[in-house]
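Asker: The listed protein sequences correspond, in order, to chains A and B. The numbering of the first sequence is the working numbering, which starts it at 423 and goes up by one. The numbering of the second sequence is the working numbering, which starts it at 22 and goes up by one.
It is worth saying that the hints were derived from the structure and are not from the lab. Note that the coordinates shown come from a computational prediction; the quantities given were computed from them, not determined experimentally. C-beta atoms are modelled at their ideal positions from N, C-alpha and C, and glycine is treated no differently. Among the hints, a few may not be true.
Stated by the list, open to error - To list a few chain A residues with every Cβ distance to chain B over 12 Å, as calculated:
no. : residue
1   : A514
2   : E522
3   : F639
Claimed, not checked - Computed, partial: chain A to chain B, Cβ under 10 Å:
no. : residue
4   : L513
5   : F528
6   : Q553
7   : R593
8   : S624
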Amino acid sequence: MRGRDRLFRRAVIGFALVPVLGFGAPGQAPGQRVASLNLTADEILVEILPPGRLVGVTRWADDASMSNVAGRVPAGAFRFPKADLEKLVSLAPDLVVVSEYTDADFLRLLERSGLRHHRMAGLDSLAGQRQALLDLGRAVGEPDAAARLAARQEALLAELARRLEGAPRPRVLYWANPHTAGARTAIGSLIEAAGGENVGRSLGIEGILPLGSERAFVADPDVVLLGRWPGARAALEGEPLLSKLRAVREGRVVEMPTGLLVALSHHAARGCWYLAARLHPDRVPPEPPEAVPTRSVSPDPSAKTPAPSSRR
Amino acid sequence: MSTAAAEDDLSPTGDAARRRRLVFVVLALALPAALALGVSLGSVSLPPLGVAGSLLAAAGVPLEPAGLDATGETILWSVRLPRVLLAALVGGGLAVVGAALQSLFRNPMADAGLLGVGPGAALGAVVAVSLGWAHEVFLALPLSAFAGAMTAVVTVYLLAHAGGRPSLHGLLLTGLAVSSLAAAGTSMLLVATEEFRVRTVLFWLAGGLEGRGWEHLRLGAAFILTGSALLTALARPLDVLSLGEEEAAALSLPVHATRMGIFTLASLVAGPATALAGSVPFVGLVAPHALRPLVGGLARRLLPASFLAGAVLVVVADLAARTVSERMDLPLGSVTAFVGAPYFLLALRAHEGRR
């Protein structure tokens, strides 16, 4: 249960969102002092901003069990223990990066306090995550750095797709007692990019919804995917019905590090690789290659500007 | 109990009158003191003199040197002041509703929960969140919660009147049934709501004033102040009702109309208070309960005193909620419950001991 809460918390914090509301308007200068209120943005901004421009991140950014940038956040950045508007105002950022699930009333108060915000959106697919990364790069005035990150992500995914070409797709059930991930979810995209078939989608589920152990049992997945948190596997193996799943009996249970399982930033590509290596060990080595050839990614697809190099 | 209190009120001794005056003076001083603390303390401390200077300057009495720096001004005027004032309104409103319903139902355990307000508001809030309105549309969450609260109240009213004029007992049981239905609907929707959205509802259900600004205050003030004032204006009929329905009818009081008027006003106060702050339990029980021995059971004294005490209680509770922990805001509803429940149990024990 604690594990599920942790995933929940990570995902809520990390799920960046919605259409780009607070930036990108003609004539608006990119944010120079940027504060982040979601972990996905933390992970991206640590990569693309000079340290002095990142004035605040979530406290989760330092939590190695959830964050992919633990230990890399500039010491000078304030760690928000909560979405504290007063503290935010006192830091005087000129851009606040919020999540899709930041409610509209809070955003209005941000505006009333003179703070511009950028809302990340569409993180329920790898393509959406890539676009959100590029949008964030534009919002903070670092489109090239964001495009380089996106290119690295694309290259890793392309390499993965190449290795998985023609491979049989095991049927994978994500299980977070009693929830599973269906279509239009980041975890569903992760499973599919890793060369699996998402059982939740096959069952007609959309979003992350409760499934129920009986339906899960009848679905008879080839592999069960769990988040790596205390008690998750024991709970699965102790569940009267699910413990009898063919996948459980035959030991085909993959526990993914939480930070990778729910990564919605460019780190999602590493998550795909991690899972693919467990689903297709004959085709995918455990660790991704240090350097993969990158395809160029335009920071602004509509502008068709020359692509940046893959160098960071 | 109400009858005895009322009789006691009608023949006050000089000591009792002095005690009542003292209670009102203390409450009248405690509220501005609580408000001052509330606007001065928070995750960013604002100097009280600076706050006073800024407030006086806004009232047209500029002080030298001026109150706060630009950041402090923004925090005070955009974030903290509307929040603290809304806390006072919510607390005052819930306490008045509690006092009025306790007189109406002649039951010291009565509060806004009897009307179906809380479960109805929760259902409205969950609808707003699960459909995504709360994340996209300004004020969608409180407005939807208010609509849910009012729908529940109207449903209670209509169902209770389906078989003619309901007894108080019938009204109570109908409220209970509608509340259960609304709670069931809330649970069903929560289960079917995308996991990431559920957290917004959890925060609302736990009670809190984070993210509330002037618009929320205006919305709440229109209903809560007007409703509380009208309830207080109905103090005399309430006192007559507290003698019992037969006695009230013998005194030519239109019992049913009065009861329904109070019921409606209580809903119009409790609905917005709950919609704006989520679940803030025990305020409507504790404030009137604590004051009844001090100011007596007469509604004309108990209601205004309850408003002041409820306002102080929630302003202080909200202050605690946002300052006790640096890591997180405590849920406001948990703070009032942590204070209210033990108080209530002690009072209950003392009451049992006297019997």
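Asker: Does each hint hold? Answer for all of them.
Answerer: Consistency of the hints with the structure:
1. A514: Given that some Cβ of chain B is not farther than 12 Å from that of A514 of chain A, nearest at about 7 Å, it is violated.
2. E522: violated, 7 Å
3. F639: holds, 20 Å
4. L513: holds, 9 Å
5. F528: holds, 4 Å
6. Q553: With a closest approach of 19 Å, the Q553 of chain A hint is violated.
7. R593: Hint on R593 of chain A: violated, closest Cβ of chain B at ~22 Å, above 10 Å.
8. S624: This hint is violated: S624 of chain A lies away from chain B, its Cβ roughly 19 Å from the closest one there, beyond 10 Å.
Of the numbered hints stated above, those contradicted by the structure are hints 1, 2, 6, 7 and 8, listed in ascending order.
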